[in-house]
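Colleague: Residue numbers (this note's numbering), protein chains in the order written: chain A, 1 to 291; chain B, 1 to 447.
Think of the hints as simulated: they come from the structure by calculation, not from any bench. Treat each hint with caution, since some may be false.
As the list claims (entries may be wrong) - Covered stretches of chain A (in silico footprint by chain B; criterion: 3 or more residues with CB under 8 Å from a CB of chain B, positions within the stretch not fixed): (1) 2-13; (2) 105-119; (3) 139-145; (4) 215-223; (5) 263-275.
C-beta: ideal position from N, C-alpha, C; glycine also.
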Amino acid sequence: MISWANFVSQLFNGLASGALLALISSGLTIIYGTLGVLNLAHGAMFMLGGYAGYVAYHATGSFVIAVVAGALFMVAFGALVERVIIRSFYDRPPEDQILVTFGIGIVIVELVRLGFGSLTMSVPPPSWAAGVTPMGFLIYPTYRIVVLAIAAAALGVLYIVLYRTRLGMIVRAGIEDSGMVGMLGINVYRVFMLVFGIGAMAAGFAGIVNAPVVSLTPDIGDGILVQTFVVVVIGGVGSFPGAILGGLIAGEILSLTSMVDPAYSEVMLFVVMTLVLLLRPQGLLGLKGRA
Amino acid sequence: METNRRGGLSRRAVLLGSVQTAAGLAAAAAFPGLAWAAEEPPIGTWPAGSAGDSVFIGISVPRTGTYAVQGEDELKGYMLAVDHLNSGDPLMKAISPNIKKGVLGKTVKFGVADSEAKPNTAVQEQSRFISENKAVLITGATSSAVAVALNKFAQREKVLYVTGISGSNDTTGKDCVRYGFRQCFYGQTAAAAIAPVLVKAIGKNKKVAYLTPDYTYGHTVQKSMEDYLKPAGWTTVTNQVAPLGAPDYSPYLLNIANSGADVLLNVNWGHDAVLSTQQAKQFGILAKQKLVFPYQIPFIAKEVGPDVTAGVLAATDFWWTLQDKFPVAKMFVTAFEKKYGYKPEWTAESAYMSFAMWADAVERAGTFYPPAVIKAFEAGAKIQGMVGEEWMRGADHQMVHPVVIVRGKAPSDMKSPDDYWEVMEIVPGEGVMQAPDAFGCKLGDYT
Chain A
1 MISWANFVSQ LFNGLASGAL LALISSGLTI IYGTLGVLNL AHGAMFMLGG YAGYVAYHAT
61 GSFVIAVVAG ALFMVAFGAL VERVIIRSFY DRPPEDQILV TFGIGIVIVE LVRLGFGSLT
121 MSVPPPSWAA GVTPMGFLIY PTYRIVVLAI AAAALGVLYI VLYRTRLGMI VRAGIEDSGM
181 VGMLGINVYR VFMLVFGIGA MAAGFAGIVN APVVSLTPDI GDGILVQTFV VVVIGGVGSF
241 PGAILGGLIA GEILSLTSMV DPAYSEVMLF VVMTLVLLLR PQGLLGLKGR A
Chain B
1 METNRRGGLS RRAVLLGSVQ TAAGLAAAAA FPGLAWAAEE PPIGTWPAGS AGDSVFIGIS
61 VPRTGTYAVQ GEDELKGYML AVDHLNSGDP LMKAISPNIK KGVLGKTVKF GVADSEAKPN
121 TAVQEQSRFI SENKAVLITG ATSSAVAVAL NKFAQREKVL YVTGISGSND TTGKDCVRYG
181 FRQCFYGQTA AAAIAPVLVK AIGKNKKVAY LTPDYTYGHT VQKSMEDYLK PAGWTTVTNQ
241 VAPLGAPDYS PYLLNIANSG ADVLLNVNWG HDAVLSTQQA KQFGILAKQK LVFPYQIPFI
301 AKEVGPDVTA GVLAATDFWW TLQDKFPVAK MFVTAFEKKY GYKPEWTAES AYMSFAMWAD
361 AVERAGTFYP PAVIKAFEAG AKIQGMVGEE WMRGADHQMV HPVVIVRGKA PSDMKSPDDY
421 WEVMEIVPGE GVMQAPDAFG CKLGDYT
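Chain B extracted, bound-state conformation (with noise of 0.2 Å):
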């Protein structure tokens, strides 16, 4: 368990406290219905958890598992965060003006537990983090049923999530919830922003094979991906649902490469996607048919190599050459890369910008009180993304931000070893997202 640690000297208690009433003044002109939210009664971890000098995050990611590779960048991510969160970096400052030197005042410390990216054990380890140490934010997922799951925990709770990174419509869809909020983009903004640069690239009237992981993230995005094709004519010739880390593709991939499809669309994430996208080269079927990533999976350019990755279009979060365009990224590439020596992908990003909406969003209710962070949160107020301005959709706790797609590079054109993808458009945020309530989104009480 890492933490991070300030001494406690009185005179700076005394500071501190000063600093906490300020805010707070400052908060009661914002929000004036809220501004004494200390004769509320307990709720979830508060006033406990943010009653000394301190507060404390719950991060849960997959350290081992399928998901291993994506949920050690998500959690550099979040590292990277505290350390600006409690130094006061100008990058946080960046994205946005009411983040200070730590949260309120306090300094945030954190723990990581190992969820293996199953919904039952990071439960667990967040309600340990919730009980131990009082935390007033969980944060991890990397899979959608743990998403799904840490989102009911935290209602049931009452304590702050921040999704981190999950791609099922159902997050702030049917299984969305007051208390959960998701930064990162999902499957409908995807299928929304990928398909007409899919129809635009490959032509209109093709015939698909879908291979997909059979939990809420799989079942969602290529649900999404099919609906935002038909119009184009494209239809769907096989869908291999296959279980979340199967050993061995060959039996799905068999049927694909009999299926007389055109376009292959891997929804597969993590290893998952690495081994059915090396063993769909094996079975000579990435000669055949063009390879797609719906939901860009993080390195797995470098995992399969750049030959296997060129050319094959995708949606995504973020990825590291915006920084020539946007001074947001590039503070975070360069701060990223000197801490950890490698460039982050878009799940360090997501992860980074989980941690600064939600300390802009208590910065502004000015206290830790659960439901005025939410109300804060639900003001939309907008921050300053990687990507451009982003706001929460207060109506489903979505993040309304652009969907990147990116192509990838041949072997040939790449200028530095990291370069393996060339970003072709930046689909704005707003079009993309269906109505808050298409999904069923019904988020339920603030106490």
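The following block holds chain A by itself, in its conformation from the complex (with noise of 0.2 Å):
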């Protein structure tokens, strides 16, 4: 259905749908990057910080301090996970890598479900931003366009810690040779423990603060993993701007394409996916021969 009217509405949600797929991948992207670690428990991630926030809402009846303990629980959870479990695996094959954090996903979405049930759980948008806006010609859901707000300034946040702090140069010159920054006394492993705690928390945090939008159930990553490992690879592997730019072309495909044929929308984000694949392989803002 293309009229002028619903193309500037599904620009607009794209944009929207992007941002929140581009600070979900992020976390990805940074881990990966930082790490050498492929996450696949990242949409498990994106599930439990929901579910954190779902538990302190209902603790405190505050969507801001659902937010904030949320995201706090998942550096936490995050940082443990690597201490624990991924720590052992640094030295081990990628095959390796991929399982460990497949089941870890799988024990995390099984745990929620003992714990919450698979019946779906509401956490409500605070109050002052239920509703719609009107937007000209556009009705949009007042909350779409506070997480939109959130989002960017979430990957805001990331890019000063990454670009403009000593952690952030620490991490980058991890990314580009983790042994010579060992050797200049840096301990890489506290670096790398924090690294994962943020990259959990971007998944996290997008996930709580997601919740009003999607509502929860225990399975809600799988879908959201897939999209963000798309994401990833268009905008390049290990770059922090390539998961912003990738998440906000996969937003715009998956609406743009919804008006000429919605069957089409996810067939068209692997499309373009192969396409970037084969005319640049390290994706759009990737760096040849690191990924």
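Dock the two chains into a complex; use the hints.
Modeller: Here you go:
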């Protein structure tokens, strides 16, 4: 259904959903770029963040506290997973790393199912962001606009951390050559633990913020994980700006294709990914020879 | 894996043997041509699967993924039915006096596997139940894609399959098989039953937007609704087809918001239906378009909240308040709630009835020999369902039984926490079914 009004609506929607995808993907790409571990539990961490926010919301009744508490929980959870499990896998072949993160994902999902069941859990949006906002000829849920703003702000904070702080400098140096960073007397493992925590938080934070939009079941991470991988491949594996660009592109593909034929919007995502892999295997903003 | 065991005392075995002989003699009277099926060459898991003092049923339902909630309810229906078959519960006897304690005197055991609503997974699990446990019956779907795959698998393996939950016309239409049987309602009967109610409630000449899951269930239900609404001047302004388990419905919903539709027919099911309905509300669509569920989604009112489902019309198989009218339903709801602590949805009801109709057919056949059981099914004997009499249509293996039209109650009208729907109409089954060959059903061979 192509009309001018619908085109503008979908363009905006692509931006909103793309920003969220970018945030989740940035976590995946930071972890891979720094630790060299492909985190297949990333979808489960997105889901876990949502449930952490749900618990905090129902304990305090405050959405803001829920977001903050959930985010802190996810940093701690990510750091713990790195310290207890992932650390033993740095020297093992990539297939072992993939298997262990895949397994962690299954365990998280099933533990949440055990605790909460499969029925949908809802977190209402904060009262000031409920309802719809008329934007010219486009009516859009107010809370989704808030999500767009929050995701953009969170990406901004991540950018500052990565490019304007000492920690960021170490992380970026670690991406280039972690051995050299270690030789310079920096405790690489402590940085790795923190990076895994931040990566888990990016996914979990997106999960909390997105909870009022999607409502929670233990399986919501599955579909997101697939889309996140597509985003990272399009943008360039291990590249933070690539994750943002890839996220926005993916959001727009999903939205704009649905106007022409909704059945093909997921398909188009993979078509574009394939094209990128054929024409620029390192991804749009990836560096050659790194991934 | 859960199994029900019974000790193997030799005296009991002798007694059981005599019961079986009696049953065999009774069957000989009813089906003279089949009485000595024991002389037939082995087929499928017969006779190995029923040689001992128990028989095994392979159950594969989705316990994870989009249809997990419905799959669990379906499983509970199956488990209650197995309990009742093994204990000779009065409810089973009320459904059919042919059903005794055990099935042909044998204890029913079962194994459960998570199909994830994926055809490949379901087929793998069922082949394990057939090779390792010599399953005499396989069951479970909650996705028509799985039902169609298991239909074909059952026909190939020559092991009986009762569908469980499947709403596609194809299951007993173009993908029907001799070894597959469906108890529940489906796209065609849902559409034929609910369309007149919709036209009466909403009016003629309306513009419709569809939200359709992209597989056989979605496509056939959407098509049936369109066919039945067309004569009243209802036109389709958009059909938003989305993949199973879509993480976000915003692009589809924007198209619907901009389509100018009067009515939103949400064909999605399971969590897809929950998510798309909640998001339709977020986009302000439900304030402008009247929401309809052509194929009722169990637990949807609980999950999205009765304020959203208030006034929503839906076609379904069963709703628990029918117990006020039907004694069999009352027995079922009471037994189910006692065991599981909540009111059963139609997924559990249809699962329970699926096992009851199988037990009835086996008892009438007097043997587990699959071709004889199939012929017993095809004889179309009536059993007492939860909403009145029902029987198997021999030509396409589809159970004939009523479709129930319900309307969501406003929170203020609910008399108890589970009182989400009000039964509007009970539409008799015969009138809403297509001719058995209208969807291209060719059943295939007995052997």
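Colleague: For which of the previously enumerated hints does the structure constitute a violation, in increasing order of number?
Modeller: As far as the earlier hints go, not one is violated by this structure.
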